[in-house]
Amino acid sequence: MAVRTTWNIVHSCGHEVTHNLSNRAADRRAGFARWLGSRDCTECWQAARDEDSASKEAWLAAKRAEEQQAATEWAEQFDMPPLEGPDKALAWGGRSRHQLVTTAYSALVSEGTWDEADWAVLEDKIRTVTRAGWWIDQRDAEGSDLPELLDAAASDDIGTENPFR
Numbered sequence: 016m017a018v019r020t021t022w023n024i025v026h027s028c029g030h031e032v033t034h035n036l037s038n039r040a041a042d043r044r045a046g047f048a049r050w051l052g053s054r055d056c057t058e059c060w061q062a063a064r065d066e067d068s069a070s071k072e073a074w075l076a077a078k079r080a081e082e083q084q085a086a087t088e089w090a091e092q093f094d095m096p097p098l099e100g101p102d103k104a105l106a107w108g109g110r111s112r113h114q115l116v117t118t119a120y121s122a123l124v125s126e127g128t129w130d131e132a133d134w135a136v137l138e139d140k141i142r143t144v145t146r147a148g149w150w151i152d153q154r155d156a157e158g159s160d161l162p163e164l165l166d167a168a169a170s171d172d173i174g175t176e177n178p179f180r
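Just so you know, we're using the working numbering here: the sequence shown kicks off at 16 and counts up by one.
Read the hints as simulated data drawn from the structure, not as lab findings.
This structure is a prediction, so every number in the text was calculated from the model and none was measured.
Backbone N, C-alpha and C fix where the C-beta goes; we use that ideal spot for every residue, glycine too.
Be careful, since some hints might not be right.
What the hints assert, rightly or not - Simulated restraints on C-beta separations:
1. 100 to 133: 25 to 31 angstroms
2. 133 to 79: 55 to 61 angstroms
3. 87 to 46: 54 to 60 angstroms
Generate the whole structure from the sequences, applying the supplied hints.
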């Protein structure tokens, strides 16, 4: 007698679904059928997943709006020039600039050895970099690296750290 390939499974969501388990080895079908019974059916699983995706997207949109508002207020408060670049990059660049500069302030002034006069000099250099793409490219940089990054951005020397070039 052959091991059955079709199983009627009552899922944990309460739906009964007929599953064809012929693609599983005969000795693994019963265990897999038991496991399927402990899970929601495909439709319920997909509906829950779509609901989670929608709530995650809403959360992310709210988070981005909050970050954008903070970056805009910060730029106005500290008289930062508007960024230049494609419309698509302006908001992202503004958020990246805000995050990097505030992280740098914490690392260099609040927790570091810099005083406000040192920071004022750096702040003037920050205002010279208005390309949104540059700030986006630096979004993962350490705050303490900002002075060196700004020096490199302001330098006319398009050099490289590669000693063989």
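Problem - Distance restraint evaluation - residue 100, residue 133, Cβ atoms, bounds 25 to 31 angstroms - result: Holds: the Cβ-Cβ distance is about 29 angstroms, inside 25 to 31 angstroms.
Problem - Range hint 55 to 61 angstroms (beta carbons of residue 133 and residue 79) holds or violated - result: violated, 32 angstroms
Handout entry: Verdict for residue 87, residue 46 (Cβ pair) under range 54 to 60 angstroms
Key = About 57 angstroms separates the Cβ atoms of residue 87 and residue 46, which means 54 to 60 angstroms holds.
Going down the numbered hints, you'll see the structure goes against just number 2.
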